[in-house]
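Enquirer: Sequence:
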Amino acid sequence: MKSTGRKKKKEIIARKPGRTGLLVTVIAGLCIAIFLFWVTRKEITRWEVPGYLVGRWISSAPGYQERYLEISDVSLIFATSPTTVSEYFITNISTTATAKETSLAIESKDAQDITYHFALTYQPVQGGLLFFKNQPHIIWKKESS
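In terms of the numbering used here, the sequence shown opens at residue 9 and continues consecutively.
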């Protein structure tokens, strides 16, 4: 075999200074942007108890004069007698509004971590009226502060 005199040239890859740093900076910036988008999106979907619900609700229906429902930013409190009170911590609220009323689905948990669902209807007439969907004949009115 005859040698052609050609030698294989080794390809030398020249590294440009600062390229690695730029790449790391771009990837870090992208990660931060994704994280901020995720956090912002999470805050957008966070529920809040509507301000018109917050307060103590009472009923004049027979058998309910000694009872009340208290709604705060974090819980529902049902008082069925002066000494019996049950508290449920709100985990989610979804609302559907029409011109006349707002339907509310409240998910909550008690102290034993048992999940409860409460379906209510709010009407803005007469200072605000509240009804449980399973007891539409019991009218709850917001107590004056």
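Hints were generated in silico from the structure; no laboratory data involved.
Possibly wrong hints are sitting among the right ones.
What the hints assert, rightly or not - Under the rule of at most 27 Å between Cα atoms (straight-line distance), these lysine-lysine pairs were calculated in the DSS-like manner: (1) Lys149 <-> Lys108; (2) Lys117 <-> Lys150; (3) Lys108 <-> Lys150; (4) Lys141 <-> Lys117; (5) Lys117 <-> Lys149; (6) Lys141 <-> Lys108.
What the hints assert, rightly or not - The following label-pair restraints were derived from C-beta to C-beta distances: (7) Ile85 <-> Gly29: 53 to 63 Å; (8) Phe97 <-> Lys149: 21 to 31 Å; (9) Glu109 <-> Gly63: 38 to 48 Å; (10) Val34 <-> Asn100: 19 to 29 Å; (11) Thr91 <-> Ala113: 28 to 38 Å; (12) Gln131 <-> Ala41: 21 to 31 Å; (13) Thr123 <-> Lys149: 22 to 32 Å; (14) Tyr60 <-> Pro144: 38 to 48 Å; (15) Asp118 <-> Pro70: 25 to 35 Å.
For every residue, glycine included, the Cβ atom is placed at its ideal position computed from N, Cα and C.
Enquirer: Verify the CB-CB distance for Phe97 and Lys149 against the hinted window 21 to 31 Å.
Expert: 24 Å, holds
Enquirer: Is the hinted range of 38 to 48 Å satisfied by the C-beta distance from Glu109 to Gly63?
Expert: The hinted range 38 to 48 Å is violated for Glu109 and Gly63, with Cβ atoms some 18 Å apart.
Enquirer: Within a Cα-Cα threshold of 27 Å, do Lys117 and Lys149 meet the stated pairing?
Expert: Holds - the C-alpha atoms of Lys149 and Lys117 are around 24 Å apart, at most 27 Å.
Enquirer: A range of 28 to 38 Å was offered for this pair. Does it hold for the Cβ distance of Thr91 and Ala113?
Expert: The hinted range 28 to 38 Å holds for Thr91 and Ala113, with Cβ atoms some 30 Å apart.
Enquirer: Run the distance test for Lys117 versus Lys150: straight-line Cα separation, threshold 27 Å.
Expert: Given pair Lys117, Lys150 holds - Cα atoms ~23 Å apart, limit 27 Å.
Enquirer: Could you check the hint for me, namely that Val34 and Asn100 are 19 to 29 Å apart, CB to CB?
Expert: Hint violated: Cβ distance 38 Å, outside 19 to 29 Å.
Enquirer: Does the Cβ distance between Tyr60 and Pro144 fall inside 38 to 48 Å?
Expert: Hint violated: Cβ distance 19 Å, outside 38 to 48 Å.
Enquirer: Has the given pair, Lys149 with Lys108, been kept, meaning a C-alpha gap of at most 27 Å?
Expert: Holds, because 16 Å separates the two Cα atoms, which is no more than 27 Å.
Enquirer: Taking the beta carbons of Asp118 and Pro70, is their distance inside 25 to 35 Å?
Expert: 27 Å, holds
Enquirer: Is the Cα-Cα distance between Lys141 and Lys108 27 Å or less?
Expert: 15 Å, holds
Enquirer: Does Lys117 sit within 27 Å of Lys141, going by the straight-line distance between their CA atoms?
Expert: OK: Lys141 and Lys117 at ~19 Å, within 27 Å.
Enquirer: Has the hinted range 22 to 32 Å been met by the Cβ atoms of Thr123 and Lys149?
Expert: 28 Å, holds
The structure fails hints 9, 10, 12 and 14 (numbered hints given earlier, in ascending order).
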